[in-house]
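Using the sequences and the accompanying hints, generate a full structural model.
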Amino acid sequence: MGPRPPVEVLRGLAALSEAPASEHRAVAAALGLPDPPDGTAWADLFLFQLHPYASVYLGPEGMLGGVARDRIAGFWRAVGRTPPAEPDHLAALLGLYAGLLDEAEDSPEARGRLVHRSAQALLHEHLAPWIFPWLARVVDLAGPFHRAWAELLREALSEAAVAGGPDEPSVHLREAPPLPDPRREGGEAFLAGVLAPVRSGFLLTRADLARLAADLDLGLRAGERRYVLDHLLGQEPVPVLGALAGHARAAAESHAGDLWAPPAVVAFWSERARTAADLLDALARDGAAAEAAAGTLVAPGTPRDGERGAPGGTA
Amino acid sequence: MDLNELNRRVSAARADTEARGETFYPGPSRVHLASYPPRERWLDWVELDSKAWPERKEKRYTLVPTTCFNCESACGLLAYVDRDTLQVRKFEGNPEHPGSRGRNCAKGPATLNQVVDPDRILHPLRRAGPRGSGQWEQVSWDEALDDIAGRIRTAMEEDRHDEVMYHVGRPGEDGFTTRMLAAWGVDGHNSHTNVCSASARVGYNFWMGMDRPSPDHANADVILLVSSHLETGHYFNPHAQRVIEGKKNGAKLIVFDTRLSNTTTHADHWLATYPGSEPAVLLAVASWMIRERRYNRAFVERWWNWQEYMAEVHARPHATFEEFENALEEAYASYTFDFASAESGIPAAEIREVAEVVASAGTRLASHNWRSAGSGNLGGWQVARTLTFLNALLGALAVEGGTYPSGWNKYTPKPPRSPKQHPRRWNEILWPEEYPLAMHELSFLMPHLMRERGGYVDTYFTRVYNPVWTNPDGFSWVEMLTDAEKIGLHVAMTPTWNETAYFADYVLPMGHGSERHDLTSYEQYDGQFIAFRQPVLRTARERLGETITDTRDANPGEVWEENEFWIELTWRIDPDGSLGIREFFESVKRPGQKMTVDEYYGWIFEHSVPGLPEAAAREGLSPLEFMRRYGAFEVARKIGPVYEQPVPHDELDDVRVDDAGRVYTRAPVPPSPKAAGGNKFDPDADGRRRVGVKVGGDVLRGWPTPSGKLEFWSRTMAEWGWPEVATPTYLKSHVHRSNLDRDQMVLLSTFRVPIQIHTRSANAKWLDEIAHTNPLWIHPEDAGRLGVERTGDLVRVATEIGHFVVKAWITEGIRPGVVACSHHMGRWKPEGQPGQRMSMATVALGHEGDGWSLTQKAGGGPFRSEDPDTLRIWWTDVGVHQNLTHAVHPDPVSGMHCWHQAVRVSKAQPGDRFGDIAVDQTRAREVYRKWLDMTRPASRHSPDGTRRPYWMARPVRPERSAYDLPSAPTPEPEGAEV
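The listed protein sequences correspond, in order, to chains A and B.
The letter at position 150 of the first sequence is residue 150 when you use the numbering used here, and the numbering goes up by one with no holes.
The letter at position 806 of the second sequence is residue 806 when you use the numbering used here, and the numbering goes up by one with no holes.
Honestly, the hints are just simulated from the structure, not real lab data.
Please note that a few of the clues may not be correct.
Unchecked claim - Label-pair restraints from in silico Cβ distances:
| no. | chain 1 | residue 1 | chain 2 | residue 2 | range |
| --- | --- | --- | --- | --- | --- |
| 1 | A | E253 | B | R618 | 33 to 43 Å |
| 2 | B | I770 | A | A110 | 21 to 31 Å |
| 3 | A | R77 | B | P683 | 52 to 62 Å |
| 4 | B | D44 | A | A110 | 56 to 66 Å |
| 5 | A | G32 | B | Q421 | 29 to 39 Å |
| 6 | A | E168 | B | R618 | 43 to 53 Å |
| 7 | A | G32 | B | G697 | 25 to 35 Å |
Glycine included, C-beta positions come from ideal geometry on N, C-alpha and C.
This is the structure we're talking about:
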């Protein structure tokens, strides 16, 4: 049945992705991790930068819920479990995975094989397709505790994910449409696509947007990511598209060099990020296209809230 | 370290932790991203201003938690305080509150309506004409305090302590006021409980020694509600969300409800029982389970007081358990499905089906009754008793998925400077000897008892209570409140105008849920938590750097924070400490100075709440700062079966075990951070205290009942005059078919609507727009029979003492033969009085001889105010005040008012107008006497010469000698010379 993943390690790591609780200190100690930081660090990482929900990274909407969560809830039901309120939360998925592995081991042989196959299906279909690119970004952005947490989690999952994985990517990835071209599908769809990792091939966090604004010396508006990005594009579309292309290309390289993820996952994400980078470069080179990409809230060329000069400015 | 080794290490750590009974993995506690701002950002939260749309205007808030004050669910709220204007912009749920978990009903967010209510009372007012005349003058707090304190001081100096009374509607707090009354030495705590939940409490208490249920709905396999609990009722929001969780996990939901309520629409089995027949159905289920041996025999044998029953009822002190089982089967054999069907109108096959479902629950049966059938019927306390019978048969008590008793799922911390004294006198008006087994004060009989027994209350506080409107027989209250020979001074403490405040001498403005301090803990799941209510503007301003020591500086107008008020009043009653009262309101840290609310709650959070100081320290906060920041703290979860806990060895010293298995020890009570209170059991003859009960060779905690076990048979009831109902039985209600004339129907008058509060929401505009009237539910068959043609037609409903005129709502959502009228609405203000214009009718009161009448002169309607919405009020019908036409129906055992009414419904008569009320007070007094005659007074039935079983809990328990009944006068020997 292949390598047996360390189920208790997975359970411990799952617990540590939940909101901080006093019990976490003992769990972290058992895992050889440093003391968990205070709630602020946890909230910043998991509530503002990198939400630990599969649907955000696998759904074409790039948001909580939707078709990706429905598929995952369906998986819970298929293995005889009632889906919890958030069936795609990382902790829920890891808990289910560990539970299935335990059940496989405790069951008679034929049933055990069946349950083990279910566990493998969960890993290959609903965890591996997003967890490795996501953990890579956690390692990028988090403080020492969560960086160590992420490194341990990808190590704990990798062997089983790589061994015996299917050759083709999971249904989430196969059916994900690519990043739309704003020249054909409009700025709204384009913006939504940039923020949907499974379409763009990259994860664009609030921290990324803040860095991008700082690098380009642009104003950073407070609001959700879509609002922020829209206003960055509205200020200087060409440099912003160029910077996004650079972000996508860096992501493609990062995916390609991911030694922990299964090959089919690596291939999908790196190819998708490269394709996105090409499109973004093309848009940046084409001034009119850049305007189209930026034209979501207001017609191209219309100044926004005084960001580009006095009312009645450039036409 | 390789992964396998690490895995072994984590497994070992988990096993070690769990072997100690501690939690290794705490379980999901995640913030739902779509719903709640993460708590780390509460101090400075940015949102877009919805009113500025489509402009994207940022608003900066500081989010301050508090606790809703609108019903006893006391859910967590988060006030969004605008950092620029320092106004509350909205209230949403507090995700940190363990009971409500961020969810609210409509009443929570509508707190905002109450805060900005254009008609609310903002300044202390004093009567400037005769009582009830509507003439008021604004006075300073100092004037009011000095006057009230002076009267109370004089009463105390003259040893008239029992002439001071505090009458509470919505308590909304744990311990502050009872502590204060104990410090005052006053047996004057009066509650509303006997028009509310007393019946259910009696039913639970005589089984478990605790008076409220805490069903673990989320983990149940079968949920059994005798109520419309999914939408309204005690703790309904915290419970309803867990009922739905349970259902999502596959639990079956059984609902007993005569009406088609929203709750019944969620039920797998809906039993629309004839009112009062619920115990018959429950006993039929129990009887079948007993016959079929579908119960938990091991549990019954281990934890019921069956030996005591067999010894006392069957004179078989050495009976075996099997003999008891046979006796049990015989005792309940007559409760067949056919019998229950005949009583309830539910087909026998359906009851049998429900019985199968109940029996299938095993120990995962979560059941609940609070008001509903329990509060409606003579003998309604047997609803909770027969319901608990099912749990007790299954062993579904205090186990996962079962029903816990309240005391084990609630945490009341010890306050600083706890008074040790007890009132020396027994208050005969509140605790009359006719009702020795009543759990609570006979509050609704007060006008009758005052009249008959020459009662006088020198200073009477009504605190967030409105007996004129809420209680039955409200005109008796008007008569009492306007009689200076009965009430010396009436102080109405209320945030809003109400029908009782109109007859007060002082009206003192108190705060809504966001304007007061209170500490609460409620049994809402298998855990223990505390929640903090706080004046949110005060806390917001303190966060922004201000120092506020008097909450009036932050509240609207001169609205005061109630704790500060009581502390100040107490100091003025006893300015020099000579009465021995002031010391309980002095600072611990600064003796001789007033205790502040910060110190009071800070002391509790620091000394009396296990785990809170440590949790606060982890965030660099003091315990008080933590509670002001987050509003709630969970002390423990998954309490489990406390009754099975072994008594620790160091509590067992010179132990004696009596014949009943009760264990007594000389070891002192170990120190506890919890507040004292609850049941008190007498020591053994040598002074040892009771510590537990011996079961199967082990000394276990057991149950806080006289026997230490679950009391299938109650010695207390048997010895205090009620032997025939000492086991779960069926009593025919006063509205049983056999008690009705052919032309009478049953009126259900108790049901609530989910979006109103009893008496404080009349100006909550969002709520009023949804629900502002209370038509009479009537089945089409009955409507046809009575000639009521259309919904909206006026009908006259005649009770025992009068009648009211109301609009009909013809609906199949009610049983034929039964009508229903929600007790909400029907609010009124006399002509010339101020009031809540959105939902109060303006009325004329008529009084001639023993006759009273009320006539509506105008309904609700639009008016100009600072709120433009008040010009948009489109409704005028604000309902009918039916309770005025209800006579008092005190249950002779529980003391609870039995709300259901036997009525005659007819088409309105010529001259009848909507909202008309007429009442005959002579008849009201006759009905009172008729019910009083059903009692079995302590003076004739007390087994020990006392007024009340000492073990039963009581608010502000008097000292032991006050329990003694007055000695009966010795009859003069015949022929003796005087």
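Original post:
Can you give the numbers of the hints that this structure goes against, from lowest to highest?
Top reply: As far as the earlier hints go, 2, 5 and 7 are violated by this structure, in ascending order.
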